[in-house]
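Undergrad: Please put together the full structure from these sequences, using the hints given.
Protein chains in written order, with my numbering: chain A, 1 to 264; chain B, 1001 to 1336.
None of these hints come from the bench; they were simulated from the model. It cannot be assumed that every hint is accurate.
Listed next, the stretches of chain A that the computed footprint assigns to chain B, with coverage defined by at least 3 CB atoms under 8 Å from CB atoms of chain B [as the list claims (entries may be wrong)]:
(1) 51-63
(2) 66-79
Here are the computed distance ranges between Cβ atoms for each label pair [what the hints assert, rightly or not]:
(3) A:His60 with B:Ala1206: 39 to 45 Å
(4) B:Leu1122 with A:Glu137: 43 to 49 Å
(5) A:Gln87 with B:Pro1085: 19 to 25 Å
(6) B:Ser1047 with A:Asn141: 54 to 60 Å
(7) B:Ile1162 with A:Asn19: 19 to 25 Å
(8) B:Gln1010 with A:Glu89: 51 to 57 Å
In silico contact screen, one side only, chain A against chain B (beta carbon under 10 Å); selected entries [as the list claims (entries may be wrong)]:
(9) Thr90
(10) Ile91
(11) Asp99
(12) Leu100
(13) Leu106
(14) Pro107
(15) Trp111
(16) Pro139
(17) Val140
(18) Asn141
(19) Leu143
(20) Glu160
(21) Gln178
(22) Ile182
All C-beta atoms in this analysis are idealised placements derived from N, C-alpha and C, irrespective of residue type, glycine included.
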Amino acid sequence: MMPLTPIIITNQLTTVLANVEVLHDISLQIPQACWTSVIGPNGAGKSTLLKVIAGLLPDHNQVLINGQTKNEIKPQIRARKIAWLGQNETISDDLLVYDLVMLGRLPHQAWMSNASQADHHAVQHALALTNTAGLGERPVNELSGGECQRVLIARALAVEAEILLLDEPLSNLDPPHQADMIKLIRTLTASGTTVISVLHDITFALQAEQMIIIKNGTLIYQGATNEVQTHTQIEAAFEQRIKIYPLEGAWVSLPHYPINPLEK
Amino acid sequence: MVQQHFQHSQIQRLTYVVIILTLVLFLLGMSVGSTGFTMIWPPSSDSSVLQIMWDIRLPRTLAAWLAGALLGLAGAIAQGLFRNPLADPYLLGSASGATLGVALSLVMLSTTLFTENWLQRLGITSIAFIGALAGVVITVILARGFQHTFRLLLAGVIVGVILAAISSFFAIMHPEILPVMQAFMLGTTSFAGWSACLLMSVVLIACCLVAWSLSKALDALTLGELTAISLGLRLNFARGILIVVLALATGAAVSQVGLIAFVGLAAPHLVRSLIKVVHRTLLIYSTLIGGILLLGADILARALIAPQELPVGLLTAILGGSYLLWLMHAGQNRAK
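TA: Okay, structure coming up:
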């Protein structure tokens, strides 16, 4: 069942990196204004899929954004539509937080132009959303891991893109900030933003509306996170080493031992 | 807007310091020389003193500042481009390429670095520039791109050694260029006259304008290459142009004043330790501080053992090396 309009479509997407086929024949439809999480075992190709959708790796015109291939949109226009936050991207630490978040406005700025009033508003809004407004004047090298992650999320939000691609956005965040981030993603999707996130924590991934399961570069399953079939597929993808349980209206994933070690 | 005034006062303070230091150093540069200290005010009535001031000391002072500025700019570009705060314009094969270019041009044009002949100066600079560009391009090709810093630095060292060996071979085959080449390798502003100043001014203005116009690409690169591409930048185009600017700035400086160590590395470092700014500002202050560093070192080189003088390259190597040692020490303390 897919009542929602797809904003991203991949048609038999195959990606080869350094002579190795990393993604095989992936056909997907990602609904608009919806939070889709991508899960799968380590090395499944989750981050690669996100990069291909972001236009950072060759897609041989097999990825359509709003019905258009990469070649049909100017890079700057595309950059306004899609914001990508990578995992473990090393950043140089010689910038102030405010200046770093302002880099998210580059797709909106003309060559050599100064930041406009709209740019400043967008940056301040992004800092406020990620609870980093107080860090604006701090150099990036003075931030903790969690603060730095929130600032990087703010940089991605500052793009004000209609599609937000987040690779492990919750890494380095403590539980209160993880909860804030989930709330923020829901607010964003409610206002029309499409969010796709790669998450290794299945419990957090189950907070999304839609789920994509990838294993060994192949699409295993796509469906709503609240469906029983999705849970069965997740457990199968992780070789029955996790189990999904209902808890207070949500779903949690816990490790599952084939033989209970306590009974030994 | 509060954010726009983040470091406003710090930048303002730095601007005052830069202006005052530059003025003081220019006045000192005109006053200090092998004939001793001459007060610039009141103007001397002795025409030979005036001639020394205007035809030797002033162009030399200006040339030291311009070469330092070019190296400071090249250093800031190299460090941004290669995302490595230790990238020195010299480490990437440009200096050894420029040296080879100078050796070749001295042989081909049968000239010396003292020439005031326009065409010959332009010839030396052009060939030095081509050498610098070739050095960087070979380094980047050997390193298979810009991404792997260690590979890039290793490739730069290899290219440097090989090109230096070829320069030495030329010098041995043409012993008449040996003394000039030795002075050149130690770095000296004593060759520089008004024509060198004009040449470096034109190159500096052009390089500053182009680098400044591409400063956003350098900023975006601080977030990583993929993020920069995701922001819609034509990264390869910007990189290509910036490498040309880097090679031109280094080639122009090296061809006029020889191998001056550490200015290109230290100037952007110094700026970053004082203010945290985007590249648009960093490039300007690295240029200005590079000029101050080399001019200051040049005046010291002239004054320390006057009437003899030290090659300024020796002095910048000692001062720059000490600065790096201090930086390492400070870094270790911070890590503890």
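Undergrad: Compare the structure with each hint and give your call.
TA: Hints, verified against the model:
Only residues whose C-beta sits within less than 8 Å of a C-beta in chain B count toward coverage, and the stretch 51-63 of chain A has 4 of them, enough to reach three; the restraint holds. Residue count for the stretch 66-79 of chain A with a Cβ under 8 Å from a Cβ of chain B: 6. That meets the three needed, and the coverage hint holds. Between A:His60 and B:Ala1206 the beta carbon distance is about 41 Å. The supplied range of 39 to 45 Å therefore holds. Distance hint check: the CB atoms of B:Leu1122 and A:Glu137 are about 48 Å apart, consistent with the given range 43 to 49 Å.
Range check, A:Gln87 to B:Pro1085: about 24 Å between beta-carbon atoms, so the 19 to 25 Å window is met. The hint said 54 to 60 Å for the Cβ distance between B:Ser1047 and A:Asn141, and at roughly 57 Å that hint holds. Distance hint check: the CB atoms of B:Ile1162 and A:Asn19 are about 31 Å apart, inconsistent with the given range 19 to 25 Å. Evaluation of the 51 to 57 Å hint for B:Gln1010 and A:Glu89 yields a failure: the beta carbon distance comes to about 28 Å.
Given hint, A:Thr90 at the interface with chain B, holds; its Cβ is 6 Å from that chain's nearest Cβ, closer than 10 Å. Interface hint at A:Ile91: satisfied, since its Cβ lies 5 Å from the closest Cβ of chain B, which is below the 10 Å cut-off. Given hint, A:Asp99 at the interface with chain B, holds; its Cβ is 5 Å from that chain's nearest Cβ, closer than 10 Å. Interface restraint check: A:Leu100 against chain B, minimum CB-CB distance 7 Å, threshold 10 Å, status holds.
With its C-beta approaching chain B no nearer than about 4 Å, A:Leu106 sits inside the 10 Å limit, and its interface hint holds. For A:Pro107, the suggested interface contact is upheld, since its CB lies about 5 Å from the closest CB of chain B, less than 10 Å. Interface hint status for A:Trp111: upheld, as the beta-carbon distance to the closest one in chain B is roughly 7 Å, under 10 Å. Evaluation of the A:Pro139 hint against chain B yields a held restraint, the C-beta minimum of about 5 Å falling below 10 Å.
Because the closest C-beta pair between A:Val140 and chain B is about 8 Å apart, less than 10 Å, the hint holds. Of the supplied interface hints, the one on A:Asn141 holds, with its beta-carbon coming within about 9 Å of a beta-carbon of chain B, less than 10 Å. Look at A:Leu143: its Cβ only gets to about 12 Å from chain B, farther than 10 Å, so that hint breaks. Evaluation of the A:Glu160 hint against chain B yields a violated restraint, the C-beta minimum of about 13 Å exceeding 10 Å.
A least Cβ separation of about 22 Å between A:Gln178 and chain B goes past the 10 Å threshold, and the interface hint is therefore violated. Nearest Cβ of chain B to the Cβ of A:Ile182: about 23 Å, over the 10 Å cut. The hint is violated.
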